[in-house]
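Residue numbers for the sequence shown follow the working numbering, so the first one is 1 and each next one is one higher.
Source of the hints: derived by calculation from the structure; they are not laboratory data.
All figures in this text were calculated on a predicted structure; none of them were measured in a lab.
Where hints are given, some of them may not hold.
The calculated DSSO-like cross-link candidates involving lysine-lysine, where the alpha carbons are at most 27 Å apart (straight line), are [said to hold, decoys possible]:
1) K45 / K132
2) K378 / K222
3) K267 / K156
4) K318 / K378
5) K132 / K156
6) K156 / K318
7) K123 / K156
8) K123 / K267
9) K45 / K156
10) K267 / K222
11) K318 / K132
Okay, the calculated beta carbon distance ranges per label pair [stated by the list, open to error]:
12) Q313 / D351: 28 to 36 Å
13) A79 / G125: 47 to 55 Å
14) L443 / T264: 47 to 55 Å
15) S97 / A331: 35 to 43 Å
16) P397 / A129: 46 to 54 Å
17) N289 / S179: 21 to 29 Å
18) L298 / Q266: 22 to 30 Å
19) N462 / N307: 36 to 44 Å
20) G376 / A79: 44 to 52 Å
21) A402 / D162: 39 to 47 Å
22) T42 / D178: 36 to 44 Å
Yeah, the Cβ is synthetic: ideal placement off N, Cα and C, and Gly gets one too.
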Amino acid sequence: MLNKFQKAALAAAAAATLIGCANFDVTNPNQPTLDDLLANPTRTKLSAAASGLFSRSRSEITSLIWRLGSMGREGINLAGNNQPDYQEPYFGPLSPSGFGGALWQSRFTLIRDANTYMDALAKSGDLSAGEKAVSQAMAQTLKALAFMYIIETRGKLGAPVDVGRAIDAAPAPFVTQDSVYGYAIGLLTDAYAKLQANPTATFPFSVPPGYSGFDTPPTFGKFVMALVAKANVLRATAGCGAACYTKALTALNSSFIDTSDPSTLQKGVYFDFSNAPSDQANDLSEPLNGVRYFADSLILYQRVQYNGLTPDQRLTSKTAASTSDAPQSIAGVDITGTLKFTRYFTNNQPDPSHPIPVIKNEELILLRAEAEWFTGAKAAAVTDLNYVRVNSGGLAPVVGLATATDATFVNALLYEREFSLLWEQGTTWIDARRFNLLSTIPLGVTDGSVPAIMPIPSAECNARSLGGNCNPLGG
């Protein structure tokens, strides 16, 4: 994202960890920017606040990718100065105050920022009704996306959603996984309605470059419906079943899904980065002689499928041999770093400005394949799966899958999702967990384990008098 978006971020970065303190209606001397925004929400200030939301929405996305990627054995962090980060995902247990407690606070900070922004919108006299509506839709969308990231990592542990409480209120209670998805879908559905009702309105703020093609209310709405579809598919495997798969198919019809042209597979919405001062760089784009992030070469090449003698091009196009003088290794971890990710290279060179996908057409097609299969349209599901397999993987289509068992189809689907979304969002681990297939992920190390969940941070448990029990719902 361009530096101006980072500079415009609100001072809410220093917000308290506990999400029960979610309302900024009282004066806070440590956050005058927030107080000023609420007291005098001018067009200029609201525009800066919106840019701050876009900037914050990408917070910890690189951390999410490598942490979940490690648990799914896509890659590993072999930086010797950060021991828990390479040991915990391979050996466990995940610490609620360390590796396992990550990917939480930044998301709730974004949610709090979005709530403050929407409060300020309601008080503004500078914006038209249409501008307010589409601005609120943007904030609701980013807020829903944050909840999706939270629940993807915590699963059956659930999460709090009632974060609009008074500052002196008790911490918000946890709700179930299904309820978190339902809440996110409700936000997105309302956002889409606002965008549809104001198709000629103009966003009164700068939209980041990663939203190119999705920067007007009608086109932004297609992005919103893509998220609705994804949330419904994930919710389906959390217990909602066919009803949510049907809703996903309906949402996909209003998204940007496209199987008419293979060149659109990478079309989508992306997080932007830059190497400019005060901005956030994509630190996953590491040189081939770097010593931090490595593809788990042994596991990936054991799992990858071949077209004759040529491996799946989704693996070969996203990785390259390390050029370090010696293979990277760390005592206690019997994995040697020999294969680097080039997923975020530009012109075969590392690029700290390389964008990271939020959601893209290739994923939508595979989401549709899953929803089609579990609503009975099995031939259509196989057609979608093979479209991605052939055009993105360079592999021959799977034959006879339409008459296979559910388990066989799921294995085929998860293979395509793993390599289509490799090192992009922790898909391998998320999918294995939601289909109860964590035992199929190779351990990769002697006496290793695959974590079943990321625990709730210790501070959240302590604030609710749960002590060391970071599993509030007993899941």
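Here's how the hints hold up against the structure:
1. K45 / K132: Holds, at about 14 Å.
2. K378 / K222: holds, 25 Å
3. K267 / K156: violated, 32 Å
4. K318 / K378: violated, 30 Å
5. K132 / K156: violated, 36 Å
6. K156 / K318: violated, 32 Å
7. K123 / K156: Cα-Cα ~38 Å, so violated.
8. K123 / K267: violated, 37 Å
9. K45 / K156: Answer violated: K45 to K156 is near 39 Å, above 27 Å.
10. K267 / K222: holds, 12 Å
11. K318 / K132: violated, 41 Å
12. Q313 / D351: 28 to 36 Å: About 20 Å separates the Cβ atoms of Q313 and D351, which means 28 to 36 Å is violated.
13. A79 / G125: 47 to 55 Å: holds, 51 Å
14. L443 / T264: 47 to 55 Å: Check failed, 38 Å falls outside 47 to 55 Å.
15. S97 / A331: 35 to 43 Å: Hint violated: Cβ distance 24 Å, outside 35 to 43 Å.
16. P397 / A129: 46 to 54 Å: Since P397 and A129 have Cβ atoms about 51 Å apart, the given range 46 to 54 Å holds.
17. N289 / S179: 21 to 29 Å: violated, 47 Å
18. L298 / Q266: 22 to 30 Å: The hinted range 22 to 30 Å holds for L298 and Q266, with Cβ atoms some 28 Å apart.
19. N462 / N307: 36 to 44 Å: This hint is violated: roughly 53 Å between Cβ atoms.
20. G376 / A79: 44 to 52 Å: Holds, at about 48 Å.
21. A402 / D162: 39 to 47 Å: holds, 44 Å
22. T42 / D178: 36 to 44 Å: holds, 40 Å
In terms of the numbered hints stated before, the structure departs from hints 3, 4, 5, 6, 7, 8, 9, 11, 12, 14, 15, 17 and 19, listed from lowest to highest.
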